[in-house]
Every structure is written in C-alpha cells, then in structure tokens.
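K.L.:
Starting from two chains that each stand alone, build the complex the way the hints lay out.
Sequence lines, in order, name chains X and V. Under the numbering used here, the residues of the first sequence are numbered 1025 to 1194, in order. Under the numbering used here, the residues of the second sequence are numbered 79 to 511, in order.
Since the hints were derived computationally from the structure, they do not count as laboratory data. Note that the Cβ used here is the ideal one computed from N, Cα and C, for glycine as well.
Now the in silico label distances, taken between C-beta atoms and shown as ranges:
| # | chain 1 | residue 1 | chain 2 | residue 2 | range |
| --- | --- | --- | --- | --- | --- |
| 1 | V | Ser508 | X | Glu1085 | 42 to 52 angstroms |
| 2 | V | Gly132 | X | Glu1044 | 41 to 51 angstroms |
| 3 | V | Asp480 | X | Ser1082 | 41 to 51 angstroms |
| 4 | V | Glu376 | X | Pro1107 | 36 to 46 angstroms |
| 5 | V | Ala425 | X | Glu1136 | 21 to 31 angstroms |
| 6 | V | Glu367 | X | Ser1082 | 23 to 33 angstroms |
| 7 | V | Pro131 | X | Glu1044 | 46 to 56 angstroms |
These stretches of chain X come out as covered by chain V in the derived footprint (C-beta under 8 angstroms, 3 or more residues):
| # | segment |
| --- | --- |
| 8 | 1097-1107 |
| 9 | 1179-1186 |
Below, each chain spelled out in residue letters.
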Amino acid sequence: MALAASTRASVAASIRAEFEGFIIREALLLDERRFRDWMALFADDGTYWVPAVPDQKSPFEEASLFYDDRELMRTRIERLEHPRIHVQTPPSRTAHVVGNLVVEETDQAKGEYVVGSTFIMVEYRDDAQRLFAGRQRHRLRRHGDTFRIVQKRVDLINCDGAFEAMAVPI
Amino acid sequence: MRNGHADDIATLVEPGRVHRRVYTDPDLFELEMERIFGRAWLYVGHSSQVPQPGDYITIDLGRQPVIMVRHRDGSIKVLLNRCTHRGAKVVNERKGHAQRLTCCYHGWAFDTDGKLATVPVPEGCGEGFDKDALGLARAPRVGQYRGFVFASLAEKGPSFEDHIGPMKRNIDDLVDRAPDGELALDAGMHRYVYNGNWKLQVENVLDSYHVPFGHASTVNKQGVQFARREGDRKGATVVEAEKKQTAASWKDRKSFTVGNGHGWTSNTALDDGKRSSPAFDEYKRVLAEKVGAERAAEILTPRLHNSLIYPNMSIMGLNIHVRVIKPIAVDRTEVNIFPIRLVGAPAAMNFGNIRLLNVTHSAASFVQTDDLESFARAQKGLASRLTDWIDISRGLGAEEPDRATNATRGLATHEMVVRAQYKAWVGYMSEAA
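Next comes chain V alone, as it looks inside the complex (with noise of 0.2 angstroms):
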C-alpha cells in the first residue's frame, strides 16, 4: 500500500463492505492527509471569527498548522502557520488580533497578507535576499459562502462552486434563520477528542440507524428523548415502548447524497405546532418582522437534521452547530463544535441554543459521550485480524432519484450515505497528487 495504487486502494471498498485497514493503516492514513486532505476543499473558519482587520484564529487543516486573518482590505487570507525562515510556528494563540504576525525565534514579521515585512538585522541578508519570495505560504485557492471559509492546499482540482454548490441549500437552511441573514461563531466552541479513526465521526453525522441503541440512555420508558430545542416541551419518540423497537417515525427518516461525499438527513418529528417559550415566541415574532409570516413559517419548517460537507464539516440544523473533524493518527481524532448565533435573533434564544448544545454535543454531554464511547469500542473491534471486513450494505439497490432536491435519496436507518462517502474516497485516493 505504500505507494497507493489505485489497483490497492479499489480494493479496500466494495459494494457494501469496506475493509478494516481503512481505519486501521497507518499508511493509508499518511496517504488521506495528502491525497483527501492535502487537496479536497477543506472547511477552514467562518468569517465571524475574524470580524475586524488583524483578527486571526489558528487551526489545523489536516495535519497543516494554518492561520485564517483577516487583511487589512477586509479579506480573509488562509497562511501557512509556519515561518519561512527556520521553520517555527509562527502565532501560537488559538486566536487574536495583530498588526504583524512574528516569529518567536529570530523575529521576522509577516504582514497579514502573508508578505515578509521585516527582518531584524537585515544586513546580515545574503545578497540574493528577496523578502517577497520569503512570504508565509498560503492556502493556493480559498472560497467562501455566506460566511463560510473554505480552502485546498492543492493549486489544481473541481472548483469551489463545483465542490459547495449542491450544498448550498444546506447551508442557506441555517442561515436564513437569523433575522438579520447572518450568523455568529463567536460563542466559543466544545474540544473533544477520541481514540479512533476520523471517518468513524464523519459517517456517524448521517447515520440515523444507530440512535435508539447508540443513545437509549437518552431515552425515557416511553421511548422518547430529552427535550433538546428551546420551546419544546418534549424530545422525538425514538423508540415505540411498548414492543421495544425503532419508532415508525425515526423509521421513515430519509437520508440524501449529491456527489462529493455530500450529504444529509431529513428532519426529526418533533411537535412543532407545540414548541413555544417566551424566547422562542419573541424571536418567530422578529423574524416575521424582517422576512414576512409566510417566509418566517417556511424557514421555521424544519427540514434538515444533519448536513454533511465531506470530508470534515456539518452543519446540525437540530441543536444548531458546525462541527469540525480534525485527524490527528490513524487512531486519534478531535472534534470541534461551535455554537450558533442567529444574528438578530433575541438574546434568549440565542441563549437557550447555546445552552441546549451543551447539554447534546459538549465532551461531558447525554449524547456526544455514548458516541464517542462507540467510536473508541469500534477502533478497538477492527483490530480484530480474524475478520476484515466491515459491513455496510443497509439499503444497498433500494437508493432511488430525488427530483425536488436533484439528490439520491434512502432511508436515513440505511447506509447509503456512507457508500456515497467511501465512493468520494476512493476517488480522491486512487488519484496520485
């Protein structure tokens, strides 16, 4: 596998199994980061995390140490967190502001835009010195969408549009509901971190199968779920009590794939007719104010649960979030959630969305902590070498065409999404860089 023919790599995906070594190789997974993350249109930040000139947040895009700032003519560059000189990190805050952003070793001072702007001691400079090819290396191609920042390490591959387009509905979905058509990242965020492969958190956004089992410590003795959106008096039925098993309702979920390894599930039921508080009332109120009543209703018609941006974002539309997957090893994963704000929206409900993600997605949550439980249960399992595949075949011919939507689309208890996501990875994979 070391050299990553496509020959090898097409044999680790079939129809409806995929074999263990694809969460398990350390050597297929230093081919991910250069073949998936080393090129694929990669989520970087939204661009409420800098809203001022020399405001910057620092992250890993892959293994790639990267600084997102904005310049000084309001755009946002994506730079390589690295000093061109001797190679250190070169910011080392989470998040800030600058004029420079300076090494801590020898002192050279990178402008925002990335470009060297100083160097102490300058005529200590060889005399082929040339500062402007000693600029922070920057993400070749950057694109954004309402807010959100995009960004591939690789100059060449399918364009921004061609990557984000049949997700763009998705993420108007959030977005048109804050009155003001715009969001706020900036209510901190939730860190958790597990010992298992990053694909086991990426499938595990769209997989609506595992719920009634992964989650019944969640689920009271009539089947039903915690009360998790501000106004709701009562969480979905998820499991029918009285014969124990999935609830008819989580049953007729359906999921949805475009391409990419893009995807989503449709909605929970929950009693919308019923959902009110006074934070929830105030802020139907605003925003039929600034949209008018019939588009207030429509956008309030819930419609999404999660949305997949493979291969490392999602949105949740439920406990509204943006969740980000960071590969660390073959066996080590972190996570990143970040609250919502609708802005516009009445503080307490803005509030009440902030608290409730706690309670769902933070590392000491009801229902984060049983999947990462799972997760961590599912790397130790594929070390198992007497069995190598692992099956995932639910609903395999049954995907139909979704005209409303120009998706394929299955049931949200099958695994379609996650052969729509292992076709995106072969893809990437058996193409050398």
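So that you can see chain X by itself, here it is in the shape it has in the complex (with noise of 0.2 angstroms):
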C-alpha cells in the first residue's frame, strides 16, 4: 500500500513538474515578445481571455479585456509586429512571475486538466512601470509529450479598474 501511494505520488509530482514547466515557458515567451511562438502553444480551437469583471461567467454576454480566438490571436499579433504601432513605439518590456499553482480539474478521458496559478507581471514602457497581478487559469489537453492550451483565463485582481492602453497579452 505504501509502495502504491508513493508512486501515485510521484506520478502525481512529474504531471505537476510538466505544468509548471510549460507554465513558466509560456511566460518566458510572452516576456522574450516571441508572440508567433507564444501563438503555437494554443490548440486551434484555444482561446486566450482576460474578464473585465470578477467571477465573470461567459465572454459573450460582457464585456472583455481580451477574448481572442486564433484568428485575433493571429490579428494582434500581426498588428504587435506592424512597424507603425505606436502604443509600442517603445516597446514594451516585461517580466513574469508565475507561482502557488494547483492542479484544479483533471479529465484523463479528455487529456485535460486544468491548472491555476497566481502571477505577476512587470510592465515597464516610456518612462513608466506598471504591475498587473492575478489569478491564472490555463486548462491544457495532452499533445504528445506536451500540451495545447485550450484556454489561458487571466484574472486580474483589478480587471474592473480603468485601464491605461494594454498592447501586450498578460
């Protein structure tokens, strides 16, 4: 029995390792702008979205920060590398710090689990620093040795604040 419990448990830690690994390379990409890349990691049918209210229950009911679907994904990030934007000339600098995260749903018929975590991220540009902080959820489906975001949801603790222009995904 004691055997059995411990190798749940180590199977248990190498699940919980991959998502933080995949977690915390999500990030990097969004802080080393490799927005084409930071795309990849979405499922074709993934979708990035951060609530304008707490607790908001449906994208299509109210209003959002973000919610994008592939196609804005792609559109935002073909605007992201447009010379001629200006609420990135400069470009913005960021950092990620991504932590506290727990494995809230796992779905092995599916090969999806949903994992959240709390970040903050260090927006610096123009002469100005701004912090975002929240909670994260990202619910992942198995893709080979890897996972395909299905969708990332960005809490922000302050999403129903007003917000200067926000050019960057968080």
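P.N.:
Spelled out as structure tokens, the structure:
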C-alpha cells in the first residue's frame, strides 16, 4: 500500500512538474516577445480570455479586456509586429513571475487539465512602470509529450478598474 | 484667466486655431467644470441600467458624484451622492439595488427620490431640524429620450429639447436597429484612462483624418482593416496600397454639425451586399419580421459612423456602443464604453457585437490603444511653450448646408466639427454661471 501511494505521489509530482515547466515557458515567450511561438502553444480551438469583472461567467454576454480566438490572436500579433504600432513605440518590456500552482481539474478521458497559478507581471514602457497581478487558469490538452492551451483565462485583481492602454498579452 | 472674462476666453479660439492653454491650463479646467460640466445637458446613463425600482448606478457628472436611481413610481432620479449631514459619499458601489440609500457614517437613510427618510437617535436633533430640507440634492433638470438619460446641474439654460432635438435622429438610427425598438446597456463596460485633456477624446470621435495614420497598425498590406462587424469578411479600405495614400472612399466620407457642439460622421464604406453570417442573417430575418422588409432594409443601410452629443457622450454606429467622457484633471481623463444589446435580436448577433467591441474599444483593443497613445503624446507636446497654437483649419470656408438633415456639411477629413465644438466651448465658457 505504502509503495502504491508513493508511486501515485511521484506520478502526480512529475505531471505537476510538467505543468509548471509549460506555464513558465509560456510566460517566458511573452517576456521575450516571441508572440508567434506563444500563439503556437494554443490549440486550434484555443482562446485567450481576460475578463473585465471578477467571476465573469461568459465572454459573450459581457465586455472583456481580451477574448481572442486563434484568428484574433493572429490579427493581434500581426499588429504587434507592425512598424507603426504607436502604442508600442517604444515597445513594452515585461517580466512575469508565476507560482502557487494548483491542479484544479483532471479529465483523464479527454486528456485535459485545468491548472491554476498566481502571477505578477511588471511592465515597463516609455518611462513608466506598472504592475499586473492575479490568478490565471490554463485549460491544457495533452498533445504528444507536451500540451496545447485550450483556454488561458487571466483574472486580474483589478480587472474592473480603468486601464491605460494595454498592448501586450498578460 | 482666473476671472474668466469673456474677452480672455475669446482670445483662445481663432477661426482656424486654438491656443494650447485650452488643453493645459488648470485654471481653465476649473472654469470648464463650472461653466460646461456645471450646467450643460450631460449624458448620465441609460434606463436599462436601472430596470427595477431601487436599482441604481453611480457615476460622476464632471467631478460631481451622482446616483442615477429608479424610484418606486418608475421615474428615474439623478441625485447628488453626498450626505446632507456631514458630506460623506452615500453610495460606494458602482451599481446595485437598495430600498433606502444609507450613509455609512452616521446612518442617515434616504428614499430613492432623495428624501431624508430616517435619522438615527432622532431625539438628539435640534429644534429647527427640518427633515424635508435635508434630502439629497437633485440634478435640477433631467431629460430622457428613448432610454438615454441626461441631466443639467443648472436650474436654467437651454431646454432639453433645444439641446437634444437635432441629435434625435442619430439616437433613433441606433435604437431602431433593435427588433423590439429598445436597447439594453447591460453587458458590462470598458474603462480606460489617459494622461491627457478630455477634449482630445471628444475631438477624436469625429476625426476621420487620423485613421490611415493613427491606426496604420490595424491595416494590412492591401490597405484593408480587419473585419469589425458580425458577418463582414473584411474591413474598410482606408489606404490605397499602391500609392500609399488615404483611400478615395475614405476621403469621400462626410461630417456634419448641427450646433451645440454636436455632430456626426457618415458611414464607413463596407460591402453590405456581402455581409452575411448565421447570426447576422437571422438578425435580418427577425428585424424584417418585426418592422417589415422595406423598413428593415432602411434601418440596415449604414448612415452613421460616430455621433457626438457634446460635451460628454458619443454613439458609434459601426461597432455599436455608447461612449462617456469623464474629465478628471486638466491632463487626466477616463472614458467608459458600454456595449449595446439590441433587444429582440438573436443572442448570437448580440454576442458578436459584444465580442468585436473588445477588439476595437477595450483598454487592450487594436484600435483604441493607438488613439490613447496619440492623446498622451498630444498632451506632452502641448506642454511646449515655444509654439502656442494648434491648427484646426482643414476645410475652413468649405462648409456647406446639408438640406436633408438641416446640418452643415464638410468632409470628414476636414476639421469643421472641431471648430464647431470650439464654437460651443466659447459659448459656454464666456458666460458667467
């Protein structure tokens, strides 16, 4: 019994390490402004959602800061690569820290997992530095030896506040 | 300028130019709060935000905190959000529901029409204590048109009809798109702020000149913008790719003014014949069923891009929304953008509108963010002391009457509408309150 339990625990620990590695790499791609590589982490039906109110139920019935499917993500990234994107002249520099990771849901049959984590992102641009923080939830789908993001939901603690322009994904 | 003499005000605005102090002088900002936001008809909110008695929203009219609340008799009251006892803000939530509005400090409770209902420990009140005289202050004048609620903080002035009359057609254009003839502003809001004067946003909503440059990053190599409406396969052509200049169809757009600082721009040229999606087709069918095919076709013919109801509100016809401009300081402004649900339209059509508005007008949108950058840079540039004037002379002298709408017409890439706003501005600012 003791052996079986410790085996389960080590399996759990190893998949947890996989989730953590994936989510850290995802944050690093944003910090390195490798937006195309970042987008490639999403499944074809993947979405990126930043609600505009706490506990927002639906991206369809209420305004959101971001709710991008792959098509809108692509348009957003083309704009980020455009030489005349004024709100990125000069560009943002960001640093993410991700922690407090909890596996919130496991669906072995579908190979899908929901992983929650707390993040802080510091953004510096044009002589101004600001702070974003909150809880993010990645719904991940097993894809070979890695994952694809089915949804990344970012709940900012100040999601219903008034923001200065936000140009880069969080 | 502290005294705000009419002569001083008049020197700041010339036929084709405006003095930079209009954007940068804190004393002038104080005077604007008194003479424009202290008495003009201001947009407050929409009746659908307070559907039931006791429902309220809190907002600022200029810098005055107010509560818009539905009273038991169904009427909408606009009350000053300030306890008549020791001055605390009574309601601190942005929206909610209450039978009584109770102050957090000593518990004075007000009815939803503002009357003082109860006072804790009433035996302590002085002899002449007059509850009737201690109700929450009310906006002296409130007007409503098709659910849009406006208020003036002054007892006297031009009537609501005088103010809103010339813009009713623009409100109708939007409301009539709802199969049930009714709008619901119940889909949340976008909130953004920028370090710049409030007039930078007001001027921008009717500015078609900036689009090919200010929004260059939203346009592909063929000069075409991304699709912004449900059912569109592509967006508007704003640049002629080969010549790298503003597209002819964009240059042909018109702008209109009707006095009071109000105005609008004509529609964006899009291929409406090809507009189709399951949601849009179903919406067209439902609308035609309600109002008849002929009227539906008329309603669905795009006429308006943006309409400005000076000084604090605009309506967009392309990505439908209501925009409210809130001055905070001479160099700080908040803007709120409300998505609109067309009551009676299929849910999928409303979802589509709400989703696309995230892309065009959220604080993280493709369109609005470049405008915010331009506003902030304008405010920085206007701090320069060596050049005192900004130029707003495009199309000066080219204005012509538009008989169909009883308006004055110009090209949308001209600056006639900005000059019209400054005419209204000088009118408000020159007259002592």
